[in-house]
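Let chain G serve as the given structure and place chain F with the ligands on it in line with the hints.
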Amino acid sequence: MSTTASTKPRAPLTARALSKRFGARVALRELSFELAPGERVGIVGPNGAGKTTLLSILAGVLAPDHGDLIGSGRRAGWVPQQPSLYSKLSVAENLRLFARLERLAEPDAAVERMLEQTGLRDRANDEVGRLSGGNRQRVNIAIGLLAEPPVLLLDEPTAALDPSQRERLWEFISSLGDDGTTVVFSTHDVSEVERHAHRVMLLAEGELLFSGTPGELERAVADGSAPGAGRSADLESALLRFLKLHGH
Amino acid sequence: MRWLLIKDLQILRRSPLLVALLIVYPVAISLLIGFALSSPPGKPKVAFYDQVPRGQGIVRLGSQRLNVGGYASDLLSSIQPIRVRSLAAATADVRGGRALAALVIPADLPAQIQGLIQEGVGSPTVQLYLNTSDPIEREFVDQAITARVTQVEQAVSKQVLRVAVDDLQEVLNGGRVQILDQSVSLLGLRNARTIVSGTLRSLPAGSPLRPALRRVIDFADLAIEGLGFASPVLGSIGSPLTVQRFELAGRTTPTATYAAAIAVVVSLMFVAMLLAAGMLAVERSENAYPRLARGLVSTPALLAEKTLLAGGLAAVTALLMAAGVSAFVHLDWGRLELWALALGFGGLAFGALGTALGALAREVSAASLMAFGVSLPIAFMALVPASAVSATLASVLDAVAFAFPFRAALQAASSAFSGGPPALVPALAHLAALSLVFGALATLAMRRFAKR
Ligand SMILES: Nc1ncnc2c1ncn2[C@@H]1O[C@H](COP(=O)(O)OP(=O)(O)OP(=O)(O)O)[C@@H](O)[C@H]1O
Ligand SMILES: [Mg+2]
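Those protein sequences? They're chains G and F, same order as listed. In our numbering, each number is its position in the first sequence, counted from 1, plus 28. In our numbering, each number is its position in the second sequence, counted from 1, plus 222.
Pulled out of the complex, with its shape left as it was, chain F reads as follows:
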């Protein structure tokens, strides 16, 4: 078997164009698939802990009410919130990689806003816990939330301004205001000045009240002029909200790692299946199989050799690809030997499936076409989200995904890359079992292969 393996490596080394195609093509396809599944990034998952009791999110602004809760739901529209009931739960979600960040709204936020607007004191603050282990994801979430907070701030400022300007207009021009559910008529500064200057004119020239009223009119003029300018100045009420950031060293979040794992496993699948099916068929197209079958190599040994060759080369390709991808996505290099284990087991399972196809197809071109044709549906059936299809179809897809190596290989790879769930060992066991099953099926298919 060792000599056959060396022979196949020699053949591959002398077919550089074929090998280049065999590797470049799957890598290109899988990167495209990986990117397609990961971008646009979509809404980040954020643990959301709102401490403001229901119905308490109201801030009074002069005669008007401002619903802070309404703004909170605006904030949530740009993220995928995971509502939690405690600060501990929120930070645990970040540490465990289930959420990219945690956003905490303190109970006194409405009171703080109220205080800032009315008395100019108070610092309304929301807390944002960020996962520091993945710089790209961290940046992404920070920007998504900060941009939203800025929008909320602007909305609050605008509302404050409108309320303030309305109140000011009433001070200047008079009108009706609602105070404690009673409609009260307000005189207004301009009306007051008109009344005072009318009074002044009706007073005799030497009246001692004249200088005093004169001073009231002068003040009113000054106030009218001054307050007229005040409205735009009010707009400069800066940022009423502060985002307080906390850094948490959590696990890498699954989204990016998962996309990387998909890309790497798609490559693994293509290379292993095409190589195994193609190299087995080469034995027949070169007429060598009858000679080998005369006791030189047993059928299980021949299948094991092709499986090892294809699985090994595919695992090496996939490992190199993972190393390349890790420049863009955080993969845990400390677990390198687990990457190799996951990709090695996956390669063997795909290789065994490839030999079964090669044995059925018998010819190199037919085998490659078959391996190619079978791989794509296997991958996609394993990737269709259960929520996207009916329950019946979902369980059918689930069964198919269980019977082929793609999902198990994906679980093994994403677990090896991040250390997060799902667990590595069951996925490896699943892959080992599938290798044996497809090895046995390939042995059966060799009956067809052996026929002249």
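Bound conformation, chain G alone:
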């Protein structure tokens, strides 16, 4: 990776009181946080909690109704939950198209790098529409990584991947973090947060219920004063108890 931590701003992304509603439904309620360079943040929360909405706002795809967003936006790499690819084009053609649209200095080199990274070199000339769901997702992720962005936003990136591909992706994402790239991802797999995130953000019904390290979340549940509070065996049950404590 050619990018280095020194070229990146101190706080690549700051959110202040972000709110978003769809008609009467409140999707995000006054979210405020700051991300540090090289930080990996895992967003968890039930279906409909607002994870995709938040990542879309951070990516500049969706505008918030209220609040401010400093940094990120269009410069962030974005991997949407639904693969965003042309199914009639081959893997390499999709990568090359977006490399050119991103106006990369060396689009062909970027394509080669991503074919290598996703392990799809032998499928490079296959139409994306004929790939398995997991392989399609690998191309989708690769497009988000093409420009080597300072902030990477991934919406459930591993949902369709097999265990070895997940492992491969996390290795790659970890190496990015070492280079100073800030990574924000959402997931329903709490063990991924436990292993790969520096910080966990727990969303429920558009509210940021918790923001801190996985260990801090477990301690918060253990110290909770509500009835049923007590020490949990793992992060997943800690999460569930935390949600229950807060009426979700």
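For the record, the hints were derived by calculation from the structure and aren't laboratory data. Keep in mind it's a predicted model, so treat the numbers as computed, not measured. Treat the hints with caution; some may be incorrect.
Claimed, not checked - Going by beta-carbon spacing under 10 Å, a handful of chain G positions derived as facing chain F: (1) ARG103; (2) PRO111; (3) LYS116; (4) ASN122; (5) LEU129.
Idealized CB from N, CA, C, for every residue including glycine.
Chain F with the ligands in isolation, oriented as in the chain G frame:
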């Protein structure tokens, strides 16, 4: 934008069935519409210059009168006459493409017919000026008029024959004839013979008058017998009318060119609108739009790309179709670059309209259906003749036709194909303005398109 354009062409190349359908279907429909509007050919427009003064078209045949003017109006029933007052005006109409031919009736036509019938001299002639630039139309008009002239000739011959036979019967059998408004009793050959042979019988055997009367009776017998055969022979009075043909190199007449232009523009419209609406909607159905909208491609650039793609491909399809149609209808190949210009501008205007529909419909199937559903009424509203509807409805249709690209594209195409009116430049300007208007509307509609 260049990369998006290449991407869309790749997608289309890999969807051969879709593209085939997209091109074959409109071409088939438009050919049907073109043919429906052009055939049956109907009455050809013919400039008609009648030099015979009013009331002078009477030919006297023995005791009867023949109205040549009546036959002239028969002749007109098979054409759509454009009455003109001079030979110059008649030929100018042909040269300018307003009429397929010019038919000229000389002032002395009744006199010539009269002379031919009475004295066997004279050559009644009508003049037909034909447009040589379109062989099919030329043939069509020539046949229509020649067939009519033959009918008129037969009618005149029959009339002449009937008059002649009537007169002959009177010569043979006697009767009353009208001469100078006086009824005169005619003896008749048979009666004369009866009288003479009665006289012969009453004469004494040695009378010197006998041989002379005998000779009169013999002559009468011979004449009765001979004239009895004469009637059918009279029927062979051949063709009293001659059609003198002149060839004029005029402009191609609008009818055929217009039908060809309609067919080509209907194709242009379908291909451009379906492609623009469909390919824009593909960006959304492939989930690619949010990614593109993150600063990779601006909304105007995206719309311009779809408009160019659809307009360009539609123009190429329409050009190929025009080349194919030109095997049957005369289109001026010398103006090929003007064809391309007219179809290119038309394609862009239809493409811009298609993107507006695609942005509203958002999904590929809905977009195609919408583009299809909107095109047909647009075409038909522009084609309804003003004379077929009430004045109010006509002005409403006129306004609608002005607001959509079909009529302007049709004007541009038919002008490019033939070089005739209407003028090309105003039609192109109209199309350019409509492209901008629909481009702006599409930009507004993209707000709906962008919503998740
Ligand atoms: N375009 C939209 N129109 C209306 N409501 C929407 C729209 N997009 C999201 N929502 C609503 O906003 C809320 C948050 O949705 P979001 O997709 O952000 O949830 P999520 O946390 O990503 O869920 P999941 O885990 O299922 O992906 C939901 O209640 C959803 O119904
Ligand atoms: Mg989601």
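Tell me if LEU129 (chain G) is really an interface residue toward chain F, meaning its C-beta lies closer than 10 Å to one of theirs. With Cβ-Cβ at 4 Å, under 10 Å, it holds.
Would the stated hint for ARG103 (chain G) survive a check requiring a Cβ distance to chain F of less than 10 Å? holds, 9 Å
Hint status (Cβ of PRO111 (chain G) to nearest Cβ of chain F, threshold 10 Å): Status holds, d = 7 Å.
Tell me if the interface restraint on LYS116 (chain G) is satisfied: Cβ within less than 10 Å of some Cβ in chain F. holds, 4 Å
Min Cβ distance, ASN122 (chain G) to chain F: is it shorter than 10 Å? Holds. Min distance 9 Å.
Comparing the model with each earlier hint shows no violations; every hint is respected.
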